[in-house]
Amino acid sequence: MIDLGDAPREAVPPPVDPPVPLRALLGLLSIALLGLLAAAGPVPHSAAPIVIPADLGDAVYVSDDRMFVVSGSTVVGNGVRVRTIDTYELPRVLAVDSTMVTVSGAVDQVLRAGDIIVASYQLDASGRWAVVAVEAGTDETLWRRPARLLGTDDGQVLLAAEDATLAVDAATGIIRWSVVRPPGGVITETGPAGYPRWLVIQSASGLLETRDAHTGKLVAGRTLPLKSGYVWPVGDLITVDTRDGYSAYHLPDLTFRWRTEADLSQSWMQADCGTLICTFRQQTGMVALDRQTGRALWSSELWAYAEPAGPYLAATRLDRRIDEPAVWLLDPATGKPVGDFGRWESLGRTGDGMIYGKIDVRGEYVLYYGLLDPAEHAIRVTGAASGVSGNCRAASGVLICRLVDASVAVWPLR
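Numbering (our numbering), first residue to last: 1 to 414.
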């Protein structure tokens, strides 16, 4: 959340006209398609899922091409439990190994560093975390630290401790390097989800630095105007709240790029919005900025989220009714809706301009899944899933859902 106060702002373009409900033929097409599919039964050639037994309290995490199922809960002490982490290779869903981890809180993230399982767990409701590393396929704890897990790569684990960011050896837990958080300052990570590329350090005195997140080495530094607010990474830019607007600097060299006085109060920024910087207000509504100049291009009170989808933005609303479209296609230049996919919901981007999607059959534990093609304004159904209770996600070309009996089921998406 970013509060820029009540300072005068650059004029933001007025909101674009709201879309006409079900204005696109795709909406009608998806409803008709669903009716035909439901009447005809399972989609021909639907692949049978691979089902992994699980209980209600079990959790599923995915990182790259690995799926982790955290199950079991054997009490071994006061608040201390042993959990089982079963690793599967995606998309084939091949069992890799089974690892036992001892934790004193709920596991909230699992990553792998070679033959080492690294798990994060929450110690209490106040937001304190700890990280434990265990030899994969065993119950041998290698090390444990109070910290938040940021990523694993090159045999090291990146951690955010209370007063520093640490890189530790994955096998031993020995610190390879550390960056101390300045008093009153912050350290922000930016880059891919699996492991940050850069660390951005902001001090209360106005010093801004970038460091390589793999080595900890200093890359660049510059002094910001006094009383600057927090920084926000957006792709290859770092934006700085200047209280009367925003300034943007290129990463990692911190070269000044542009300044905007657009009203972005109570907003957060989407890291990947194509040629735009998409900023979203606390509840709903967005402002789109030109990534190259920072100029406010358009605004809308409708959208709660948007991301690139082929030549368009795929946008969602926070307050949509059950019979309204779930994914709208917007013209990035104007923000105007150009179509929708009816009740089909997004499961994430495919990486080649399309969107994995699903549509639920109302009143039944059945859904259909497939590919939404923004460029062609088309829907290709690739399969059906039954007995699904929800919690579905797409990863590594597969659909992962929980079934009504809490089991984990995996279907190929193409």
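Please note that the accuracy of each hint is not assured.
Claimed, not checked - Pair by pair, the computed Cβ-Cβ distance ranges are:
1) Ser-178 to Gly-137: 26 to 36 Å
2) Gly-137 to Arg-222: 44 to 54 Å
3) Pro-192 to Tyr-305: 50 to 60 Å
4) Ala-271 to Arg-243: 19 to 29 Å
5) Gly-114 to Gly-57: 27 to 37 Å
6) Lys-227 to Asp-108: 34 to 44 Å
7) Glu-135 to Pro-311: 18 to 28 Å
8) Val-51 to Thr-334: 15 to 25 Å
9) Phe-256 to Val-361: 25 to 35 Å
10) Thr-74 to Glu-135: 14 to 24 Å
Since the hints were derived computationally from the structure, they do not count as laboratory data.
Positions of the beta carbon are idealized from the N, C-alpha and C atoms, including for glycine.
Checked hints:
{"no.": "1", "hint": "Ser-178 to Gly-137: 26 to 36 Å", "result": "holds, 30 Å"}
{"no.": "2", "hint": "Gly-137 to Arg-222: 44 to 54 Å", "result": "holds, 48 Å"}
{"no.": "3", "hint": "Pro-192 to Tyr-305: 50 to 60 Å", "result": "violated, 20 Å"}
{"no.": "4", "hint": "Ala-271 to Arg-243: 19 to 29 Å", "result": "holds, 23 Å"}
{"no.": "5", "hint": "Gly-114 to Gly-57: 27 to 37 Å", "result": "holds, 29 Å"}
{"no.": "6", "hint": "Lys-227 to Asp-108: 34 to 44 Å", "result": "holds, 35 Å"}
{"no.": "7", "hint": "Glu-135 to Pro-311: 18 to 28 Å", "result": "violated, 48 Å"}
{"no.": "8", "hint": "Val-51 to Thr-334: 15 to 25 Å", "result": "violated, 46 Å"}
{"no.": "9", "hint": "Phe-256 to Val-361: 25 to 35 Å", "result": "violated, 54 Å"}
{"no.": "10", "hint": "Thr-74 to Glu-135: 14 to 24 Å", "result": "holds, 19 Å"}
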